[in-house]
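Once you have looked at the hints, place chain V on chain D.
Residue numbers (my numbering), protein chains in the order written: chain D, -14 to 448; chain V, 190 to 578.
Each hint can be trusted.
Okay, derived cross-link-like pairs now, BS3-like style, lysine-lysine, Cα gap no bigger than 25 Å in a straight line: (1) V:461 with D:185; (2) D:293 with V:576; (3) D:24 with V:392; (4) V:576 with D:287; (5) D:55 with V:308; (6) V:308 with D:35; (7) D:69 with D:-1; (8) D:328 with V:576; (9) D:442 with D:408; (10) V:255 with V:200; (11) D:357 with D:408; (12) D:423 with D:380; (13) D:139 with D:208; (14) D:59 with D:69; (15) V:486 with D:328.
Here are some of the chain D residues that sit facing chain V, going by a computed Cβ distance under 8 Å: (16) 17; (17) 21; (18) 42; (19) 47; (20) 51; (21) 97.
These aren't lab readings, by the way, just hints derived from the structure by calculation.
The beta carbon of each residue, even a glycine, is placed where N, CA and C say it ideally should be.
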Amino acid sequence: MILIRGIISGDMTKEELWQAILAQIQFNTSPANFATWFKNTKILLKQEGKIVISVPNHFSKEWLENKYNKTILKIAHSLNENVKEIKYEVPRTGLEVKKERSRITNHYTDEEQLQFEEFKADKVTNLNPRYSFENFVVGPYNELPHAAAWAISKNPGSIYNPLFVYGGVGLGKTHLIQAIGNKTIKNFPDKKTRYITCEKFISGVVSSIKNHSIEEFKNNHRKIDVLIIDDIQFLAGKEKTQEEFFHIFNTLYERNRQIILSSDRPPKAISSLEERLRSRFEGGMIADIGFPDYETRMAILKVKSQEKGINLSDDVLEYISSNIKENVRELEGALNRLIAYQKLNNQIPDCQIAKTLLKNIISAPTRMVSPKKIIQTVAEFYDLKEKDLIAASRKKEIVFPRQIAMYILRESLNSSFPFIGRKFGGKDHTTAIHAFEKISREIKENERLFEEVNLIKQRIYSV
Amino acid sequence: MKIIILKENLKKGLDITEKITTKNLTLPILNNVLISTDNNLLNLITTDLEIAIKYWALSKIEKPGKIAIPAKLLSDFINFLPEEKINLEVKNNVLHIDCKNQKAQIKGQDPEEFPIIPKIETNDYLEIKTAPFYEGISQVINFTTPNQTRVELSGIYFNFQKEQLKITATDSFRLAEKTLYFENKLNSDLISEKGYSFILPLKASRELLNIFSEKEGEGTKKIDSKKIRIYFSSNQVLFEILFPEISKPQIQLMSRLIEGEYPDYQEIIPKKYETQLILNRNEFLNKIKTASLFSGKTNEIRLKAVPSKKEVEIFSQSSELGENKSSLFSKITGKEIKVSFNWRFLIEGLANIKSSEVIFEMNGEEGPSVLKPVGDATYLYVIMPIKST
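One chain only, chain V, in its complex shape:
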C-alpha cells in the first residue's frame, strides 16, 4: 500500500474512528484501526464488536493494500505532524509514515485477523436532517441509565412515524422526550402505520454525537443542509453520512440494537396538571443552584407555590449546614403546592431548555411533574418528586 493524504483528512478520520477502540485482552486486534484502500479513497475501520465505524477520506492512491495499526498510537503521532501532505507506505506489515521532516515506522498486525464488519442487507433507508437529529439526541442522552437490570432503559429510544420522530430516554426517575417533525412525510415502505422503532445503546448514541461534533468543525453552514441516512435491519442499524462533494458514503456507524421492548412511556407523561408555573429560566436556575448549596446529601430542595402571591419559594435545609430560602416571581395557575425535588434532576432538565421562560407543571407531592420550554412543544422533561418527609 502506498498513498498520499492531507494531514487534516487523516486526523479527522482518526478522531472519529479512534474512540471506540478498546483494550481487549482476548482479541488484541480490537485496539487497531484497519487502514485499507477502497478505489480512490482511503478507508479507516474500527470496531468493538458492538459498534463499527467506517470513515473514507480523499487521498491519492499509488498502490492498493491494507494494514491494521494500533489506533491510539497512530492518532497521537499524527496529531504532532505539521499541516502537510503525509506519505503512508506499507512494507512487510510495517507502516512507514513520512511527513516533511518527521518519519516513523509503526508495526502493524495482520489485517486478515481484523473482524469482518457485518453488512446490512437492505437498500432502503430513511433520510433526515442532521442538525435537528443531533440536537434531539443531545437533549435526551444524559437521562439514560447504564442499569443492567433494565436493559431497555440503557439506550435511547427512537420512534419513527411518517411525519415525526420521537427520541426518548429515561432512567425511571425522569424522562426526556424530543419530537422532530419532518418537513416532508417520510416516504418509505419501512414505516408502517404503526411506525418503526428501535433502542440504540448509549455508547453508539455517544459515538453518533461525537461524529457530529467532529464534523461541525467543517463550518455550520454545510451541516445545515446535511442529511443522515438510516438503514435498518432486524437487530442492527446503520447511520450514513455522504461526502459533501461526491455521492459516496464518508462516514458509516453500525451498531447492534438493544433487544427488548421499550416501556409504554406515554402513560407516564401527565396529560393535565394541578399547578402550573411559568418562570424565568435563568432566575429559576440560579435560585435552584443557590438552594443546592444547603441541600446536604439528599439533594432535596423544596418548592412552594402560592397562586395568590404569584411567587414561588425555594427552600433547602440540612441539619449540618443550615438553610436557605429564596423566592421568585411566577405566573401560577391551579392549586397551592409544596413539593420536593432532587435539585440535580431539575438543573439537568433546565440545561436542555434554551427558551427564556419555562413552564413547570406539577401534580401534587408525589405525582410526576413536567418541565418544558415556552413556545416549543417539541421537548418535554418529566421528573418525579422526592417523597417529602
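Isolated chain D, as found in the complex:
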C-alpha cells in the first residue's frame, strides 16, 4: 500500500502535492485561520527532498514557519517519503502586479483637468490604455486592418506577420495598433508587448551607439514577443538604424514573434528604404486605412459624443459628418468645440449654432486647396518640377502625372474643363476631358493607381 502510494506521489505535480497537503491541513485548522494564512500559497519548487512554498507576504511566512511547519512537513512526508525539508519564500514580484495592469483598460475618462501625459501610458509597454478595440469604430474603410488586428491579438505571431498598417493622418492607425497591444496584454499577460514610436527607436539606436551598448539594445528588443512600431516611414534615410532594425526584425520574425508596423504610406512609397527591409515589410499582411465613409463618420461621432457625455441632435452630427471628410481627428476637434460651447452656455448647440461654431474648421480645407497646390503636390510626388507639368511636353513620364493632376483638379475642386486646360499652359478643354475620363477609368481597374491617387490626395489635404 505504502509502496503504491509512494509511486503515485512520486508522479504528483507540484500543484497536486500542495492540494493534497492543504486538504489535510484543513482538518486541523479553523476555517478563519486557514483562509488567512493559506490564501495564495503554492509550491514554488520541488527538488530532491526540499519543497519551497511561495507565500504572499512576510506575515504568512512567519506564521507558517512557526506554527505549521511541523504539520506541513509531516503530511508532505507521508505523501512523499523523500521530503525532508520545507522552506518558505515571499516572491519578490508577485503575479498580482500583472493582474492590476490589465485592469487599467477602460478607466479613462475625458476630463478637462489635464494630467501629466507621461503617466497615462504604461511605463513598461508604452501603451496608452485609452486605445482599445471597444472604442474603435469599424467601417468599410478599415474593415480589413481591423480584422487582421483582431486576429493578431487573439493569436500573436502565427498569422499576418508582420502586419503593416498604412493610411493618412488622423485615421486611426495609432489607435488600431495600440489596441492590438492592449488586447494582447489582456489575452496573454505573460507575453512581452512593447509599443515604440519610430523616433524613440531611432534615438535609442543613436544613444546606444554613443554609449557602446548596442548589443544590450539589441538583446532587449530581441526578448520582446509583440513589437509595435509607429510611423515606420521615419526610418527613411537612417541607414544605421535600418540595419539594426533589420537584424532585430529578423530575429523576432524567425522566432515567430509578432511585429506590427504603421506608416503613412505603403512600403513601396517610402523613399530611401533599403530593398531588403521593404520586401520584408511586404512579406506579411499589408492593410490600408482609407477615408471613412459618411455612415462611418456618423458612427464615430455618435461613439465619441457618448464617450464625452454630450447629447447632440442627429442633424448636427449629420452636418459635421457631411462636411469633415478626410480626418477623424478633425471630427473629434469639431465635437470638442461643441462640447466647450455647451459647457459655457449650458445649452446644447442646435444646427444653426453648430454651423457658426464650426465655420472656420469646415471652410478651412477648401480654402487651403488651390489648383496651384494640387499641381505642386502632384509634381512633387512624381519628382518633377511644376513647370514640367505645364510645359507642352509629350514625354510619357510627364503626360501621365499631368493627367492625374487634371483628374484631381476636376474631382476635388470641380473645376471646369476649359479652366483646367488653361492652367496647363493653354491646353484644349478636350485634353482635360480625355485626361479625366482616362484616369477615372483606370482607377477602377488598377488598384495601385487608386492608391497612388489617394496618397496624393492625402498629401494635398494634410499639409
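Frame of chain D, contents of chain V only:
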C-alpha cells in the same frame, strides 16, 4: 504577567499603536493589541498584516507574561484613568487593571493566536534626523492617490542618495517633491551609486506621521536632536526610534512596500518657464479663495498675467452664481499668459509653502506649472492646468 506602569506611558503607547487595529472578520485577533514583557520593558504590538507597530515602555515588571486585549476598549478605558500608577495583572487570560479607585477586568485572547511579526534580517540601517523627515512627508502626503489602477502612485516615493533624500508624491494631476540634504554624507553600503529607493504605502506613511505627532508632545527640544533609523529588506522597511534615555528601540514601524516601479517623474518637472510670477503668498491665497466662491462645480479659476502691468488678474465665473474678478501685484517675467486651474489644487499646494513670497512658473495654457517658495529650493509643487474652454 504582573506589572506596574505610569498611566502616561501606557496611554502614549496605546495612542501610537491602536490606530492600525481594524475589525477583521476572518481574523478577529487583529483588533487586539499584544501586551507582553520584554526584559524590563513592557511591549505593545499591533498589526493589520501590512503594517506592524511595536512600542516599548518603561515599567516595573514583577512577573513576565503576555496577553492579547481588544485595543480600542483598553485605550478608551485607560484614557479615563487618573494620572497615576497602574497595576496590570493577567490571570487566566483576563487582564486585571487596578488604578487608584478604578478597577476593571478585560477578557483577553490567546496570545499564541496573534500574528508573528516578521523580522528584518539586516543590521544595516540609515540614520536621519526626525524633524525634517517628518516635515518632508507631511508636505507631500496629501498628493498621493488611492487609485488602484496605478498602485505605484498610491504611496510615497523615497529616493535616497548619498547626500540627499527626495520624497515625492503624485496623483497624476499634480506632484510634490521635497529634497532633504544631509549634513553628513550617508556612509552606508546600502546606498549604491544609483541610490536606494522604495514606495511606502499611504497608510504606513500616515502612521509614521501619527507617531511623530504623538511624540511631539514630549517637547520639541528633544525631537530636534532625535534621529530615526531605517532598515531595508527586499520588500519591507522598518523605521525605528530609540529611547531618549537608553539605547534601545522605543518605537518600531514595519511596513510592506509597494512593488512596482515609480514613474520617471523628473521628466515631468519643467526645466524652464514661459512666464514667471513672484507673488505675496497670503494675498495670492486669499484671492484664490475668494474666486473659488464663484467657480461652480468645475473648480475652475482663471489667471491672467500681463507683464507690462505687473499685475495678475484672477477670474472665476459660473452660469448659476455669477462672477468675480480680482487682481494683485506681481513681478512678472516672460510672456503674457491666460491659464485655468482647479483652485483646490492651487490652495493645497500653497498650504505646504510657508514663505511669505511664492514663485509661480507657468508653461502656456496646457503645460505643467510649478509653484515653489522663494528662498527655499528644496520644495516644489507641479500642477497641471485645466483645459480652457
